Amino acid sequence: KNEVEQSPQNLTAQEGEFITINCSYSVGISALHWLQQHPGGGIVSLFMLSSGKKKHGRLIATINIQEKHSSLHITASHPRDSAVYICAVSPNYGGATNKLIFGTGTLLAVQP
Amino acid sequence: NAGVTQTPKFQVLKTGQSMTLQCAQDMNHNSMYWYRQDPGMGLRLIYYSASEGTTDKGEVPNGYNVSRLNKREFSLRLESAAPSQTSVYFCASSARGSYNEQFFGPGTRLTVL
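Those sequence lines, one after another, are chains D and P. When you line the first sequence up against our numbering, it's residues 395 to 506, in that order. When you line the second sequence up against our numbering, it's residues 5 to 117, in that order.
To be clear, the hints were calculated from the coordinates, so they are not data collected in a lab. None of the values given here were measured: they were computed from a predicted structure. Some clues are possibly wrong.
Straight-line distance between alpha carbons at most 16 Å, and here's what the computed EDC-like set of lysine to aspartate or glutamate pairs gives [said to hold, decoys possible]:
| id | chain 1 | residue 1 | chain 2 | residue 2 |
| --- | --- | --- | --- | --- |
| 1 | D | 493 | P | 63 |
| 2 | D | 493 | D | 475 |
| 3 | D | 493 | P | 30 |
| 4 | D | 493 | P | 105 |
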């Protein structure tokens with residue numbers, strides 16, 4: 395079992411819909427990261443959070459440390475939001491503190 | 005500021021050839037990383053350098069070597085390329101450790117025939 399699991403793996407939405415992508419993890423962490431990767435493109439950090447909730451524009455990220463779960467929400471989705479969204483965690487144990495553990499990503503397609 | 009730069013962007017090698025992927029960052033970051041990305045597997049850490057002068061193995065180090073040339077530059081070398089090393093390679097940097105935001109380079113698409 396992967397230490398970081400994302401769901402769904404693939405998601406198709408209509409423009410304007412509210413979108414939720416989920417991330418569950420099984421290790422102790424010091425932070426959780428949400429990343430975005432456009433097709434054929436580079437990787438951009440969207441959020442890094444260790445508690446509560448953060449908001450940037452139409453994007454909202456939440457984390458529940460007790461439940462080892464995070465969600466990424468996109469409000470009023472737009473075709474330019476089409477991308478792969480990647481969850482990654484920073485472990486807080488032993489020699490792993492310098493390493494990120496990545497989920498396999500959620501491929502989002504927003505149709506006009 | 006250019007952020008994190010990588011060269012080359014694309015490369016085709018024959019089995020057994022060697023090459024070095026270059027990475028540089030201008031953000032004065034202490035930590036640098038090399039990842040590979042394969043379909044369905046997510047990003048996997050090859051090697052990382054927590055600070056200048058140190059390097060450590062990640063999840064998939066076999067077949068690779070790295071050099072942290074100075075604080076800015078972190079190179080990845082394939083001594084004898086194999087088809088299993090066909091992948092997209094990303095370099096990243098962070099201020100200090102994985103609990104800081106990571107900044108990624110544009111990637112190198114490598115094909116080994």
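Hints and how they fare:
The hinted pair formed by residue 493/D and residue 63/P meets the criterion: a straight-line CA distance of about 10 Å does not exceed 16 Å. Note on residue 493/D and residue 475/D: the hinted pairing is violated, with a Cα-Cα distance of about 28 Å set against a maximum of 16 Å. Between residue 493/D and residue 30/P the alpha-carbon distance is near 21 Å, which puts this suggested pair outside the 16 Å criterion. Proposed proximity of residue 493/D and residue 105/P is supported: the alpha carbons are some 12 Å apart, at most 16 Å.
Of the numbered hints listed earlier, those contradicted by the structure are 2, 3.
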